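Number of protein chains: 4
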Amino acid sequence: MLINSTFPKSFASDNHAGVHPAILEAIAAANTGDAPAYGGDDWTAVFEDRIRAEFGPSAEGFAVFNGAGANMVGLALMLGRYDAVICPSSAHIATHEAGAAERLLGVKLITVPTPDGKLRPDDITSRLGGIGNPHEVQPRVVSISQVTELGTVYTPDEISVLARTAHEEGLFLHVDGARLANAAAFLDCELRDITTDAGVDVFSFGGTKNGALAAEAVVVLTPSLTAGVPFLRRQSLQLASKMRFISAQLSTLLMDGLWRENARHANAMARRLADGLTGLPGITIEYPVESNAVFARVPTDAATELLKRYRFHYWDEKAGLVRWMTAFDTTEEHVDEFLDDIRKAVGS
Amino acid sequence: MLINSTFPKSFASDNHAGVHPAILEAIAAANTGDAPAYGGDDWTAVFEDRIRAEFGPSAEGFAVFNGAGANMVGLALMLGRYDAVICPSSAHIATHEAGAAERLLGVKLITVPTPDGKLRPDDITSRLGGIGNPHEVQPRVVSISQVTELGTVYTPDEISVLARTAHEEGLFLHVDGARLANAAAFLDCELRDITTDAGVDVFSFGGTKNGALAAEAVVVLTPSLTAGVPFLRRQSLQLASKMRFISAQLSTLLMDGLWRENARHANAMARRLADGLTGLPGITIEYPVESNAVFARVPTDAATELLKRYRFHYWDEKAGLVRWMTAFDTTEEHVDEFLDDIRKAVGS
Amino acid sequence: MLINSTFPKSFASDNHAGVHPAILEAIAAANTGDAPAYGGDDWTAVFEDRIRAEFGPSAEGFAVFNGAGANMVGLALMLGRYDAVICPSSAHIATHEAGAAERLLGVKLITVPTPDGKLRPDDITSRLGGIGNPHEVQPRVVSISQVTELGTVYTPDEISVLARTAHEEGLFLHVDGARLANAAAFLDCELRDITTDAGVDVFSFGGTKNGALAAEAVVVLTPSLTAGVPFLRRQSLQLASKMRFISAQLSTLLMDGLWRENARHANAMARRLADGLTGLPGITIEYPVESNAVFARVPTDAATELLKRYRFHYWDEKAGLVRWMTAFDTTEEHVDEFLDDIRKAVGS
Amino acid sequence: MLINSTFPKSFASDNHAGVHPAILEAIAAANTGDAPAYGGDDWTAVFEDRIRAEFGPSAEGFAVFNGAGANMVGLALMLGRYDAVICPSSAHIATHEAGAAERLLGVKLITVPTPDGKLRPDDITSRLGGIGNPHEVQPRVVSISQVTELGTVYTPDEISVLARTAHEEGLFLHVDGARLANAAAFLDCELRDITTDAGVDVFSFGGTKNGALAAEAVVVLTPSLTAGVPFLRRQSLQLASKMRFISAQLSTLLMDGLWRENARHANAMARRLADGLTGLPGITIEYPVESNAVFARVPTDAATELLKRYRFHYWDEKAGLVRWMTAFDTTEEHVDEFLDDIRKAVGS
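Protein chains in written order, with numbering that gives the first Met the number 0: chain A, 0 to 347; chain B, 0 to 347; chain C, 0 to 347; chain D, 0 to 347.
The set of hints was computed from the structure by calculation and includes no laboratory data.
Keep in mind that this is a model prediction, so the values were computed, not measured.
Backbone N, C-alpha and C fix where the C-beta goes; we use that ideal spot for every residue, glycine too.
Keep in mind that the hints are not guaranteed to be accurate.
[Claimed, not checked] Pair ranges (Cβ atoms, derived):
1) C:D121 to B:T277: 47 to 55 angstroms
2) D:C188 to C:C188: 57 to 65 angstroms
3) C:S223 to A:R51: 32 to 40 angstroms
4) B:P112 to A:T31: 39 to 47 angstroms
Chain A with its partners taken away, still in its complex shape (with noise of 0.2 angstroms):
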């Protein structure tokens, strides 16, 4: 069983990295024996103290295999039957997650588009229009992304004037936080700064993409929502029978900083690939680089030239546009590496 060596390190995703060690030591270290199922286990209860010591005494965390099921448990927590989720266009919940909101939730998104996938407040109270009225449905929540899937980050303030909209509204707010920690180390921030601080109501914890196996946490923030969590978590797929490796994931994130310190370096990792880029004939950057991805327009030639090498995906084939992605386990070396070749392929 061995990988394709033919590759060298992936820019496709933050995905095709591997599990840190430490997360994978703990897992190993969770092995001891029998443990409670569905969460009645000694590493859950750590996981849910440290949820509780990053955002604050009111959070609740519950801990998920994969991100969309973090999403989808989340967003189900606020929506009923006509209500509708106001998230930009580009959201990964209204693009790749293969319609689970419409066939699981049942809701309809009002996608909004935005031109570096940050919603405005203005994006929200001009979407309200069909509000009591039966024929449309109801805005019931804004779901945001931090980061953003075109690599941007909210400022705090950002996140704050959101939710204080939505809340005026009646609305929540909804953080798809796959990402959440690359955001954090970005602004060089708490993570509670963006979340609880900010008036969030439900977020995501992203961990998978920051060096875990398989993790993700559903954070609550607003107490009268988490009675319904354990049921949807189930309903929903998201339960791990033997809970505790998953929790151990999380837990060893959120301790000692890991996850910051995976974060700070996936990002500063896109940091030296945009500074390589700039000045390349042809090449220019799309979005503001402010966390592990790159999005930038690359000659046709360049771009087909550099597929043959590396793992990398188009965003928009016909604009010329990619997405580089670094990870926890991105080194200089390979940012440089990669940039020597793309500097050949550009014939700079």
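Let chain A serve as the given structure and place chains B, C and D on it in line with the hints.
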């Protein structure tokens, strides 16, 4: 992070056990740098080969996170909007998956009372009266559990007859195989004898209860049903991004007969427990012990006494019926110690 | 366009009857030029007043197209994503609405076998064992049919006790009142005696089987449940654009006791039929005749003979059980002619 | 029961109109004693014949209650669990059916902005990039409205090209024909020219807005899609028990060209209104007037003034855009009186 050590070996569930060392090693061994996400990796290719080796060249295996996920993805392949599933009243999908079948699939489960968790051909044919009647749901799938929720096992012939009955009526046969390994170990047959060769269309193959961390498979034997799996697995929140770590678990179980070794051992421990119960005053075994479960009626006082020290569940508290499960890591000493305490509890 | 006139009066269903002349007149009278759509019209205001007059000042009535629609809208008001409904196995929502409850509401129906279609308090309390267990659906609504599918009727006291039992456990009581008028006529009570005053939360009030063209109402008695109706009615495809013509039908039934007159007559015809069956060889009446249905066991030869001339349905063909329904327009002559032919068929 | 008579003829909606006398007569004429329920009656047989006469021998018509019902049943025939619908952003199914598509069908609507409510072939082909990608929903149906929500009309050629484009990509073409009659009247063509002969797979044919009380049809032109209709219609709460009264309405519209007469008249009244607006200060017509709708930008003061006397809706209040609808019973006098008041309101 220490587990509560005041309890001896749990007899509550095979989910209380940890991870088999070989599986933990396989996970660690898969952590060698990059791999494509979502199943494009070498470990998943190996897993798919192992499935074909075990179940025949038409078998297609798809790794998922958990048993309810495997059931929902598998059933979704066969069910249209007004179709229904015929299953025993005791079926896991009907009793312990939090209504996922109704909510996520939108289907009615036509539940049939059985004496022992096993469906008979007449249980199918007697439920087909509404076919063609637009006021009634249309049976499309027969779903059985192998091992059943009551610990009993279908013979290959019994499954063949159910498959033939289903197919003659235009229905598919689905098997919830969360403990399929235990059934094959009990029958001392190949896995394919109770699946491929018995005419099953789709089944789930459980890893978690048999020593994995979190790994199950949806296996499709009827090729016309395969095309939808990738989409339904994604939509059902069951697509692991770092899939190699799930695939590696399943491959390990399927290699060198580890699945059989683990299951055989767990079954033997249940047998040992059942044998030890023989003749104890006030204790009767409720169902044939054919897997790793012992269902026993126990005097209330004795059960209360035992629950002070041991973890196990009442199956039907009013009836004084308990379920004792063994696992791959239950030892003879565990069983004998438990039997000692049972004997004391019943004053024998 | 002529109806097949070779059949005498149908005993198959009260849906085979036409429209009561007063209702047809009311429809024509409502056709006076413009009226606001979707319920903003005067006829709907009158209907809403009639509902309050009949069921009390807190009652809110909402007109819909058909019985299944009334049931689904009514139940949707009370059910969250992981909630379940306890109902008799014979319930219309469980047997003859083509899986709408599972598909449209996503809920599990916990069906309880009953001897006569009527639920008892113990049928509720014995199904609550899974409350709080995240692996199980959570009972939230008890749904009964008044008249039941077997033609039997709950007394006001029986409903009160069910309501109290449900409420004590935090559940709601829903009544499928497709034939509520027949029940009140049989009990010689007011409609409110078996709804408002008995503690019902939400019920449907059927017009179609009692002489309307197509008109049913969802009536909400628990004010906190009202807000969702307009949205759920629209989403459930049950909002009539030219609603005045639905409302006018319901108002006519609710005016001057037409509902009671029609129901009482239909009931009397069933009574006359049942009385005429007494002592006929081989014929036994299966359930108490308390409404406009007679369930009888009939010798196969006789049933076969009768089906050559008459329209009616087997309820259970293997058991030789037939259902004979009467309607507002069944006459004594219809019944007597039918009885004559029954007597001949059984050789009496 | 008197309608508020202080308002002159409504220009708010063709749903404000009453029932055409011929249709009311047909309903009364169908009230001749018994008829089998659920469509087994003679009037429904006649309706089915009329559908075949109008749309060709393969056309199968199914009567339902309302337009949203016709759309949901029609779409359900073509959509699997991970399929999606491509439609204009202005589509009724996307904007004014309270999220029924997402909730009842579980599908994502891929909405395409258009200048005039009309989809172009490129709007289809440019949305197919995710086909085969398990992270994305799979487009399966193209749904257009004829007449569009903006009052515009597709030519037979335009529909043919859309059908060909859809079919080449393995998609179906669905038409929301709530105002199909108005389109055919405008085009002066047969109904089959814009449905059967243009390659449409499934469409809804609206009766209510064209003079019926409450009657629409789902018409299936692709025979392989027909089998599911009875079950889906029942499950979708759209099966009328006394169906003869729905069928009779539709047959009347389809007999002797009443559908065309009513639609042509309504269209002519919109034309007359639009012509009368020409040159009025501050008033501009927004979309080509091709049916019974006039979309006009009107000075705020004038609109406010007119709303004191007349019923009509803003389409976009901020933009000063109003929608004025005519109906089968709008008279020249109604239009001229309205024009007089408009002229006064704009000070002309």
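Each hint tested on the structure:
One distance hint, 47 to 55 angstroms for the beta-carbon pair D121 (chain C) and T277 (chain B), is violated here, with the actual separation near 37 angstroms. The given range of 57 to 65 angstroms is respected by C188 (chain D) and C188 (chain C), whose C-beta atoms sit roughly 60 angstroms from each other. Between S223 (chain C) and R51 (chain A) the C-beta distance comes to about 33 angstroms, which sits within the given range of 32 to 40 angstroms. Against the hinted window of 39 to 47 angstroms, the Cβ-Cβ separation of P112 (chain B) and T31 (chain A) comes to about 42 angstroms, which satisfies the hint.
Of the hints listed earlier, the one the structure fails to meet is number 1.
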